[in-house]
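Model the full assembly from the supplied sequences, consistent with the hints where possible.
So the protein lines, in turn, are chains A and B. The first sequence begins at 400 in the numbering used here and counts up one residue at a time. The second sequence begins at 60 in the numbering used here and counts up one residue at a time.
Each hint should be verified, as a subset may be incorrect.
As the list claims (entries may be wrong) - Listed below are the simulated SDA-like cross-link pairs for lysine to any residue, each with C-alpha atoms no more than 25 Å apart in a straight line:
1. A/543 <-> B/386
2. A/539 <-> B/292
3. A/522 <-> B/293
4. A/473 <-> B/204
5. B/308 <-> A/569
6. A/539 <-> B/385
7. A/544 <-> B/301
8. B/202 <-> A/433
9. A/473 <-> B/281
10. B/202 <-> A/471
11. A/560 <-> B/386
To be verified - Derived list of chain B stretches under chain A, where covered just means 3 residues or more per stretch with a C-beta under 8 Å from a C-beta of chain A:
12. 117 to 131
13. 281 to 292
Unchecked claim - Here are the in silico distance ranges between beta carbons for each label pair:
14. A/537 <-> B/382: 54 to 60 Å
15. B/317 <-> A/694: 30 to 36 Å
16. A/457 <-> B/382: 39 to 45 Å
Just so you know, these hints were derived from the structure itself, not from any lab. We put the beta carbon where it would ideally sit given N, CA and C, even for glycine.
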Amino acid sequence: MTESVTTTATAGTGTGRPFLELKDLQVHFPTDDGLVKAVNGLSFTLERGKTLGIVGESGSGKSVSSLAIMGLQKGTQAQVSGEIWLDGAELVSMSVPEIRRLRGQQVAMIFQDPLSAMHPFYKIGDQLVEAYLVHNNAPKSVAKKRAIELLDRVGIPSPSKRFDDYPHQFSGGMRQRAMIAMALMCDPQLLIADEPTTALDVTVQAQILDLMMDLQKEFNSAIVIITHDLGVVAQMAQDVVVMYGGRVVESGPVRDIFYRPEMPYTWGLLGSIPRVNRGGDHRLKSIRGTPPSLINLPNGCPFQPRCDYQQYVEGHSCVAEVPELLQIGTGGHRVRCHIESEQRSRLFAEQIKPNL
Amino acid sequence: MGRYLIRRLLQTVLILWVISAITFFLFWVTPANPALLICGKNCNTETIAQVNATYGFDDPLIVQYGTYMKGLVNPGGRMIGTEGSERKCPWPCFGESYQNGVPVWDSISEAFPATFWLATGAAVLWLFFGVLLGLLAALRKGKWLDKLSVGIALFGVSFPTIVFGYLLLFTFIVKLNWIPFPDTANAALFTVGPAKWLQFYILPWITLALVFAALYTRLTRANMIDTMNEDYIRTARAKGLGEGTVVFKHGLRAALTPIVTIFGLDLGGLLGGAVITEQIFSITGLGKLSIDSVLSNDLPAIMGVVLFAAVFVVVANIIVDILYAFIDPRVRLS
Numbered sequence: 400m401t402e403s404v405t406t407t408a409t410a411g412t413g414t415g416r417p418f419l420e421l422k423d424l425q426v427h428f429p430t431d432d433g434l435v436k437a438v439n440g441l442s443f444t445l446e447r448g449k450t451l452g453i454v455g456e457s458g459s460g461k462s463v464s465s466l467a468i469m470g471l472q473k474g475t476q477a478q479v480s481g482e483i484w485l486d487g488a489e490l491v492s493m494s495v496p497e498i499r500r501l502r503g504q505q506v507a508m509i510f511q512d513p514l515s516a517m518h519p520f521y522k523i524g525d526q527l528v529e530a531y532l533v534h535n536n537a538p539k540s541v542a543k544k545r546a547i548e549l550l551d552r553v554g555i556p557s558p559s560k561r562f563d564d565y566p567h568q569f570s571g572g573m574r575q576r577a578m579i580a581m582a583l584m585c586d587p588q589l590l591i592a593d594e595p596t597t598a599l600d601v602t603v604q605a606q607i608l609d610l611m612m613d614l615q616k617e618f619n620s621a622i623v624i625i626t627h628d629l630g631v632v633a634q635m636a637q638d639v640v641v642m643y644g645g646r647v648v649e650s651g652p653v654r655d656i657f658y659r660p661e662m663p664y665t666w667g668l669l670g671s672i673p674r675v676n677r678g679g680d681h682r683l684k685s686i687r688g689t690p691p692s693l694i695n696l697p698n699g700c701p702f703q704p705r706c707d708y709q710q711y712v713e714g715h716s717c718v719a720e721v722p723e724l725l726q727i728g729t730g731g732h733r734v735r736c737h738i739e740s741e742q743r744s745r746l747f748a749e750q751i752k753p754n755l
Numbered sequence: 060m061g062r063y064l065i066r067r068l069l070q071t072v073l074i075l076w077v078i079s080a081i082t083f084f085l086f087w088v089t090p091a092n093p094a095l096l097i098c099g100k101n102c103n104t105e106t107i108a109q110v111n112a113t114y115g116f117d118d119p120l121i122v123q124y125g126t127y128m129k130g131l132v133n134p135g136g137r138m139i140g141t142e143g144s145e146r147k148c149p150w151p152c153f154g155e156s157y158q159n160g161v162p163v164w165d166s167i168s169e170a171f172p173a174t175f176w177l178a179t180g181a182a183v184l185w186l187f188f189g190v191l192l193g194l195l196a197a198l199r200k201g202k203w204l205d206k207l208s209v210g211i212a213l214f215g216v217s218f219p220t221i222v223f224g225y226l227l228l229f230t231f232i233v234k235l236n237w238i239p240f241p242d243t244a245n246a247a248l249f250t251v252g253p254a255k256w257l258q259f260y261i262l263p264w265i266t267l268a269l270v271f272a273a274l275y276t277r278l279t280r281a282n283m284i285d286t287m288n289e290d291y292i293r294t295a296r297a298k299g300l301g302e303g304t305v306v307f308k309h310g311l312r313a314a315l316t317p318i319v320t321i322f323g324l325d326l327g328g329l330l331g332g333a334v335i336t337e338q339i340f341s342i343t344g345l346g347k348l349s350i351d352s353v354l355s356n357d358l359p360a361i362m363g364v365v366l367f368a369a370v371f372v373v374v375a376n377i378i379v380d381i382l383y384a385f386i387d388p389r390v391r392l393s
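In structure tokens, the structure reads:
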């Protein structure tokens with residue numbers, strides 16, 4: 400209960416903890432080339448019925464964090480430390496058999512590419528049924544009924560017929576719907592969606608997001624949505640965590656991140672959204688440089704080698720020390736940057752905002 | 060499915076016809092003089108002329124080919140010999156051996172059971188141990204069990220069958236006397252009973268299975284490692300399934316698919332004869348029959364054995380293709 404800033408009244412667990420709380424999560428992978436520091440101190444909280452968006456480019460530690468919540472790195476080489484509290488239970492120290500009971504039941508995951516995430520040799524329906532039967536001591540007919548119900552609920556036409564189809568017989572959007580149905584088989588309280596719409600075209604993407612929001616209202620589940628698409632975050636999430644190099648560099652309510660961002664990396668992300676309303680002559684903007692190596696993270700601020708605003712920091716703190724993730728204002732907006740907060744607001748207003 | 064089967068069967072007939080034609084013409088252009096081979100030591104101009112007349116070696120090649128093909132496609136077989144001394148050669152007639160005058164088909168059907176038991180018994184062994192070792196190695200990737208399996212597999216692949224077979228023979232039969240010397244009579248399961256039969260086949264099975272078991276270990280290991288890294292395995296775990304279900308139902312099921320293909324083709328190939336193993340353990344199977352007929356220039360026997368072996372390879376191919384459609388729903392027969 401150290402730094403919980405969220406109101407705990409809605410937690411409903413009686414323990415006073417938020418529904419989901421990550422504290423200083425670290426995930427490291429030893430490899431032949433050295434220790435890959437994929438996640439370095441990730442903390443956030445999430446209540447039921449709310450959605451948290453985690454954004455960042457490839458290799459920023461988004462997916463690895465979500466797999467850590469599922470405990471899917473247990474039994475591998477990965478070194479996971481820190482705390483993950485879900486509904487009053489701590490998951491990092493939990494044994495595999497214990498966390499296996501939570502997987503699919505309390506926490507379910509929607510994966511990015513449903514063609515490779517579903518088993519090609521088994522019928523869609525059977526894969527859904529399997530997800531139900533592993534946690535429920537029920538006859539297969541009950542599971543099948545539930546599967547058909549959910550396939551119907553996620554908008555698959557003639558679900559009792561499509562029950563017997565194989566994944567390759569579904570279209571991309573339908574597969575993603577089926578994937579969502581599979582995740583919902585056991586009424587999970589927490590849904591982790593790892594790039595749920597990345598493989599889909601924009602129309603289908605919007606339908607899937609609408610569906611997820613509807614289902615969230617219906618099941619009152621908490622959703623963690625991992626994406627690099629800021630549009631998805633703006634539509635879905637109440638809170639946003641921006642990750643870079645395995646660290647949170649900025650976090651807060653979605654309005655703060657979009658309208659008052661203070662971290663140069665977030666500025667870069669916002670600046671790189673393609674705009675259709677601004678004539679065709681502009682090149683797509685990108686953040687210069689490449690994501691950092693997670694084996695040799697840069698000294699000091701992880702974003703420092705790509706940051707264009709280091710001249711606003713006195714001395715050499717950008718290359719010397721990792722900035723703290725400090726709270727600004729009262730709304731839960733936190734930023735990890737050496738530039739003074741007022742200076743950052745001014746830079747955003749003068750240099751960034753006019754170009755967005 | 061029905062149309063597919065019919066098309067495949069027609070293809071099979073075509074392939075077999077091409078193979079039979081090639082073997083026929085290939086062997087008939089060899090410098091061997093069949094009449095000389097048949098009359099052996101008693102050859103003189105008269106006997107040679109007589110043999111030529113009996114077997115039609117004087118006829119144009121195309122006529123001889125027609126006679127040969129008639130024996131293969133005519134359900135009644137064909138006649139061999141001249142007027143008065145004719146004898147029937149029942150279907151499928153590959154002709155008579157130059158060595159002993161026995162119809163080739165009789166030799167083949169006599170040799171086949173030994174080869175069949177040898178190949179299927181070895182196949183059971185190598186499939187079981189190959190897949191088991193490969194699976195364990197994949198699940199313990201990088202651990203000592205994995206290194207041991209990979210080591211055994213490397214040994215098995217690189218150890219020549221002829222050396223390994225004779226090593227087994229000398230150790231267990233000659234030196235230790237655990238197993239009696241191979242007696243061809245014991246090759247028949249239904250006349251000698253399972254105990255003698257097992258004794259007869261156990262060393263040949265191990266010999267033949269070693270190389271295949273090693274290959275299957277490596278194949279299973281590689282496939283399984285790939286499969287366990289697939290997204291759908293992560294999905295299976297994310298559902299909360301136990302590791303056993305994840306490994307066997309989701310992992311092994313997918314990893315074994317390519318092994319089915321290879322297995323069908325390997326077994327099909329071996330049913331045509333395992334030359335080295337049969338030679339080492341004096342098994343009178345198709346492998347030994349082929350070697351004997353090659354060494355004695357027994358052309359009808361060679362053609363018969365080649366065509367017979369080809370049938371197994373081609374049929375194994377069809378079976379594998381059909382099986383594949385049942386194993387992998389993404390495969391459609393068309």
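Ascending list of hint numbers which this structure does not respect: Hints 12 and 14 contradicted; others consistent.
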